[in-house]
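Asks: Make the full structure from the sequences, and use the hints.
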Amino acid sequence: MDFRPAPTLLAGLAASVIWATAAHADRISNGVAIFAALDKVTARTSKFEVPLNQTVQFGALKVTPRVCYSRPPTEQPKTTSFVEVDEIGLDGSEKRIFTGWMFAESPGLNAVEHPVFDVWLTDCQKPLGTMAQGGGAAPAEGSDAAPQQEMPFAPARRRVRR
19 MDFRPAPTLL AGLAASVIWA TAAHADRISN GVAIFAALDK VTARTSKFEV PLNQTVQFGA
79 LKVTPRVCYS RPPTEQPKTT SFVEVDEIGL DGSEKRIFTG WMFAESPGLN AVEHPVFDVW
139 LTDCQKPLGT MAQGGGAAPA EGSDAAPQQE MPFAPARRRV RR
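Under our numbering, read the sequence shown as residues 19 to 180, first letter to last.
It is worth saying that the hints were derived from the structure and are not from the lab.
Mixed in with the good hints, there may be bad ones.
Cut-off 35 angstroms, straight-line C-alpha distance, at most; resulting in silico cross-link-like pairs (DSBU-like, lysine-lysine) [unchecked claim]:
1. Lys80 to Lys58
2. Lys144 to Lys65
3. Lys144 to Lys96
4. Lys144 to Lys80
5. Lys58 to Lys113
6. Lys80 to Lys113
7. Lys65 to Lys113
8. Lys80 to Lys96
9. Lys65 to Lys80
10. Lys144 to Lys58
11. Lys96 to Lys58
12. Lys65 to Lys96
13. Lys96 to Lys113
14. Lys144 to Lys113
Label-pair distances were calculated between CB atoms; the ranges are [to be verified]:
15. Ala61 to Gly107: 34 to 44 angstroms
16. Thr92 to Lys113: 35 to 45 angstroms
17. Ser111 to Asp44: 17 to 27 angstroms
Glycine included, C-beta positions come from ideal geometry on N, C-alpha and C.
Replies: And the structure:
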């Protein structure tokens, strides 16, 4: 028995591959990262917005998002942010305790787990524009410019758990 796929079947498969590739949306670069935080001593939860490259203090932690990406509402959610978190010591000194990517859809994956405070990404807001896949990166520290190129990995620093 000679098996040959029907030309319409092959055309349908090719069309579905092209449609699936074309339907992949660009990510959206946003100007504000939204975090949730828990104070384990008082059981107080807070939600706070932080503009990119600005710092907000929650308890003894200083949170600074560098980039915040999301997807259009028609796509599967994928919200990520590159974040730096510093701890303020009792003597006023600051120590970096987290540098890396946070994922809103998986808050337990890369949340800041501190003995007293937990901080995690929940959303991004204030779109700056869309970027083609492969474009976009964390801007230089202190820069207010939109990211230009993707930062595929966190810098060499690793988070420290206490």
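Asks: It remains to establish, for every hint, whether it holds in the given structure.
Replies: Going through the hints against the structure:
no.	hint	in the structure
1	Lys80 to Lys58	17 angstroms, holds
2	Lys144 to Lys65	16 angstroms, holds
3	Lys144 to Lys96	16 angstroms, holds
4	Lys144 to Lys80	22 angstroms, holds
5	Lys58 to Lys113	20 angstroms, holds
6	Lys80 to Lys113	10 angstroms, holds
7	Lys65 to Lys113	23 angstroms, holds
8	Lys80 to Lys96	24 angstroms, holds
9	Lys65 to Lys80	14 angstroms, holds
10	Lys144 to Lys58	30 angstroms, holds
11	Lys96 to Lys58	28 angstroms, holds
12	Lys65 to Lys96	19 angstroms, holds
13	Lys96 to Lys113	30 angstroms, holds
14	Lys144 to Lys113	30 angstroms, holds
15	Ala61 to Gly107: 34 to 44 angstroms	24 angstroms, violated
16	Thr92 to Lys113: 35 to 45 angstroms	42 angstroms, holds
17	Ser111 to Asp44: 17 to 27 angstroms	42 angstroms, violated
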